[in-house]
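Engineer: Okay, here's what each chain looks like letter by letter:
There are 4 protein chains.
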Amino acid sequence: MKPFQLASRDHCATDTIITIVTPSRKVLIGEGYCTVIAGPCAVENKHDYLYLAHHLKDLGADILRGGLFKPRTSPYSFQGLGRSGVDILAQARLETGLPVITEIMDVRDLDTLYPHIDILQVGSRNMQNYSLLEELGRLDKPVMLKRGLSATIEEWLLAAEYVLKGGNKQIILCERGIRTFEAYTRNTVDIGAVPLIKQLSHLPIIVDPSHATGKWKMVAPIARAAVAAGADGVMVEVHQDPDRALSDGKQSLTPENFARMATQLVRHAQINLKQAASQALL
Amino acid sequence: MKPFQLASRDHCATDTIITIVTPSRKVLIGEGYCTVIAGPCAVENKHDYLYLAHHLKDLGADILRGGLFKPRTSPYSFQGLGRSGVDILAQARLETGLPVITEIMDVRDLDTLYPHIDILQVGSRNMQNYSLLEELGRLDKPVMLKRGLSATIEEWLLAAEYVLKGGNKQIILCERGIRTFEAYTRNTVDIGAVPLIKQLSHLPIIVDPSHATGKWKMVAPIARAAVAAGADGVMVEVHQDPDRALSDGKQSLTPENFARMATQLVRHAQINLKQAASQALL
Amino acid sequence: MKPFQLASRDHCATDTIITIVTPSRKVLIGEGYCTVIAGPCAVENKHDYLYLAHHLKDLGADILRGGLFKPRTSPYSFQGLGRSGVDILAQARLETGLPVITEIMDVRDLDTLYPHIDILQVGSRNMQNYSLLEELGRLDKPVMLKRGLSATIEEWLLAAEYVLKGGNKQIILCERGIRTFEAYTRNTVDIGAVPLIKQLSHLPIIVDPSHATGKWKMVAPIARAAVAAGADGVMVEVHQDPDRALSDGKQSLTPENFARMATQLVRHAQINLKQAASQALL
Amino acid sequence: MKPFQLASRDHCATDTIITIVTPSRKVLIGEGYCTVIAGPCAVENKHDYLYLAHHLKDLGADILRGGLFKPRTSPYSFQGLGRSGVDILAQARLETGLPVITEIMDVRDLDTLYPHIDILQVGSRNMQNYSLLEELGRLDKPVMLKRGLSATIEEWLLAAEYVLKGGNKQIILCERGIRTFEAYTRNTVDIGAVPLIKQLSHLPIIVDPSHATGKWKMVAPIARAAVAAGADGVMVEVHQDPDRALSDGKQSLTPENFARMATQLVRHAQINLKQAASQALL
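Chains as they are written, first to last, in our numbering: chain A, -14 to 267; chain B, -14 to 267; chain C, -14 to 267; chain D, -14 to 267.
You may find that some hints are simply not true.
What the hints assert, rightly or not - DEER-style ranges, computed between Cβ atoms:
1) 151/D to 126/B: 42 to 50 Å
2) -13/D to 229/B: 22 to 30 Å
3) 151/A to 235/C: 29 to 37 Å
4) 16/C to 151/A: 18 to 26 Å
5) 2/D to 125/C: 38 to 46 Å
6) 16/A to 225/B: 31 to 39 Å
7) 39/D to 68/B: 44 to 52 Å
8) 79/A to 67/C: 37 to 45 Å
9) 258/A to 225/B: 52 to 60 Å
To be verified - Sample of chain C residues facing chain B (criterion: CB under 10 Å; computed from the structure):
10) 68
11) 124
12) 135
13) 165
14) 166
15) 167
16) 168
Since the hints were derived computationally from the structure, they do not count as laboratory data. Glycine included, C-beta positions come from ideal geometry on N, C-alpha and C.
Chain A with its partners taken away, still in its complex shape (with noise of 0.2 Å):
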């Protein structure tokens, strides 16, 4: 017997469908298109992130992404806005209808970010952060959950039971690389997890090949793979000038190739629907 129980595909055999709601749009994780995360790694400034948000939506994104709270291996390194970069993301929110998300790594700042965003992310080196899992399952608020460096996929739906035993049904998986020895790429993105997830469990499952891969040549085929086995989605990095970004430059798509991915992904789509359309996907 699988150790997971809410998470398990036995416990409840239809997809779960995450629904999010703004003022001027609905936008559905889920139920079989392709929903795209983009934006940059960090919120830097009101300027550039509006600018960059209504570029994005423009572009065919269908959820904008932002950093305020940055989890970095070194101390010495830019932390992101905090609490302040709040009103940056809301403002973004009410100009252009999309949902935003953003990494909430204390349960000190719930209060804080709960009113204004649309999806709370749990990082992965949060993943196995009980307490803060135990607070997020009290919500009515969408949750993604990344999975560990290290984390086994029994692991990874363990973590999501926490967040589920505590009411919140409302949880996204998001397969971001995990740590091998490769060292060409930042991390080894686990395309396998994507058909294994379907298979042991009802969530909804997308793919960042972004902090997977490190590299921004790497993004688009990883989106592309990530489609065609199945992902519910994806949440790439876009940044204006990835050369001059605060984090993650190396990763980060420009928009007019983030344009191009996004055109690649629709079509890979498509594929898998009229496949499924007409007989279950493997």
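Chain A is already provided as a structure; the job is to place chains B, C and D on it using the hints.
Structural biologist: Chains B, C and D only, in chain A's frame:
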């Protein structure tokens, strides 16, 4: 500077295309389509192999696989038919017109295999068996070099370099999963290897989703992902009756599932081709 | 240049020695002997804990361990006594005079733990919980920082840097095994971390062979190896009745086996001390 | 049931002891002391090798190592003297009376090596080169089987089983580090393999701290750890002038450092022996 030379994109800007000719057919690997290699893990007997070979030809397979020498972790497992099975592969090749590929483990088997086999495969356990690589470097036959279970991309290309240095330029790289901590799958397929190899090298790369996952239900999704990421082909295990296979039954497709997957692959490959026609794929 | 600064050997050539004082005893970590931390994985009840605490004191333990907040992979496993167990640790400390160490998972528990606990442990799952690290950086109490399951040495020292940067210089590093592909043991203990940390940093390092191996039969050999390699101490799980432990029974020593191991450790440590007296240990 | 049979402790409760006899000496491996194998990574020329061989004998080495066929990741690196170097090893053996060990990579070299070499080493890259293992299984000479870079304990013992099945029972296992994500060291030495092999098998096990770490400063601490954990010996690289070594200079000890380490090892081994005299080591 990269330590590999003849294998590098710098040495040869044009993609290497492997051409294999049988009495009745010409098969290319690396020209933009998805070459499909299929067959049972091991050749078990003449009757079954020939029957399956004709079936696979009808379903669109481009190349037939079939192991004669099986490198098994335990000395007590079925080790393959050995030299006595060469005639079966030769007959299948003659009857179907499809090229055949089989693994070589010992330089002393070269004389037996050479006249009848179109592609000589080096298995993951032998990726750094330099005596074998050097011997294959002197041949005028294509070599498929599987990635070692924990080989870095650099070590893999340096293993290819051993063959190239001998003068044999017909090398097909095959990603077949790497070893990680994940226990639900046999190995973790590294789809990122596909775009990375395309960037670093001119050699064609295919993916083996059967060995990479160890689960037949994951084979089609991973094969689709490989093609969407830009792979030149896939190699999959197919068995008439997977439950009775002498080896690797759990990861083998039935002919029916193979046919369904093949159709999907063509569609995903076409998107990439259309895309490439108007602009370079990232 | 190394990315860590305050943690580096360059910043401080002299070994950091941690001094812990209780009403009746002074314990040092990092001064050349082998400090032995022992106790059950989790505090289960007052009677058993106090009984074992006295036993361990008699057998030569230097510090008592006992988990109150247990970070468990599954939300359905025993989660520890929580805040209600603090009194038990406090009483054991008072009765035996031995310092006590317990894990902190949530900054909101700090007020409860601070007055009664001598060393606050950060578990491997929280090695990169930066909110927690920053909070501990403001304390005047020793912190034991366990290595994350797949943390590199550099990431580990950078996590220590988060605490050091806040002003708290009393950090003990604890190697507790890393995640690899090996399945016979729970994790793979990285004994090489001991000489490497000694080279790179001035902070003391101890080894936890219980979590690293998951098998009590391997605890004594790995503890001996740790000491021979130059570790400043070991932390081991001991339980009166391992078969009945509420968590981690399989890796717990009986008091008898603990006593035998402790004798061995003293002997191996003495060799290193004699060696160091005449010449620097490599 | 364990998949290995002849290698298992169940098959043979008594520890296997390997006896090697030269014209002037008898060396045992597995009888409780610490057997020390030392020498340069590669035999570079006669003069230097003989000089070092005499030096190592005087410093207490039990067996001489020296690579003739060097399996190098790049075809452009120094590949060893090959067959022409056998005479050098033979002369060192004759002059010092010490047994010699060298690696065999190709079954076709067996005739050349057999008459002059006391232990034939199978390198980590060839741990699953079954043709080679089967050939060595027919010999009446000890075989040292290095663990593959990402081999599980079970796969390693099954590789030994290939040799044992052929009738050759003289196998020495050698742990030489496994591949992990850690980048500061070449590999991660798995000291846990020592007690685990002792539990699962009757075969002797030694540790190679030179290849495992890639850093000479870590060699002595890891060698001490290995002995303290119960290993039957160590194999270390020693070079007269490490900075000028044709291969692996960074991990080679000078004779002076070798001598210091050898003294330490004797002391740690004695503790284990005393301990074992009164009670079984855990």
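Engineer: Decide, hint by hint, whether the structure agrees.
Structural biologist: Consistency of the hints with the structure:
1. 151/D to 126/B: 42 to 50 Å: At roughly 31 Å between Cβ atoms, residue 126/B and residue 151/D fall outside 42 to 50 Å, so the hint is violated.
2. -13/D to 229/B: 22 to 30 Å: Since the Cβ atoms of residue -13/D and residue 229/B sit about 26 Å apart, the hinted range of 22 to 30 Å holds.
3. 151/A to 235/C: 29 to 37 Å: Hint holds: Cβ distance 30 Å, inside 29 to 37 Å.
4. 16/C to 151/A: 18 to 26 Å: 46 Å, violated
5. 2/D to 125/C: 38 to 46 Å: Between residue 2/D and residue 125/C, where Cβ atoms are some 56 Å apart, the hint is violated.
6. 16/A to 225/B: 31 to 39 Å: 38 Å, holds
7. 39/D to 68/B: 44 to 52 Å: 49 Å, holds
8. 79/A to 67/C: 37 to 45 Å: 42 Å, holds
9. 258/A to 225/B: 52 to 60 Å: 32 Å, violated
10. 68: With a minimum Cβ separation of about 34 Å from chain B (threshold 10 Å), the hint on residue 68/C is violated.
11. 124: 34 Å, violated
12. 135: 8 Å, holds
13. 165: This hint holds: residue 165/C lies near chain B, its Cβ roughly 7 Å from the closest one there, short of 10 Å.
14. 166: 5 Å, holds
15. 167: Where the cut-off is 10 Å and the nearest Cβ of chain B is about 9 Å from residue 167/C, the hint holds.
16. 168: With a closest approach of 7 Å, the residue 168/C hint holds.
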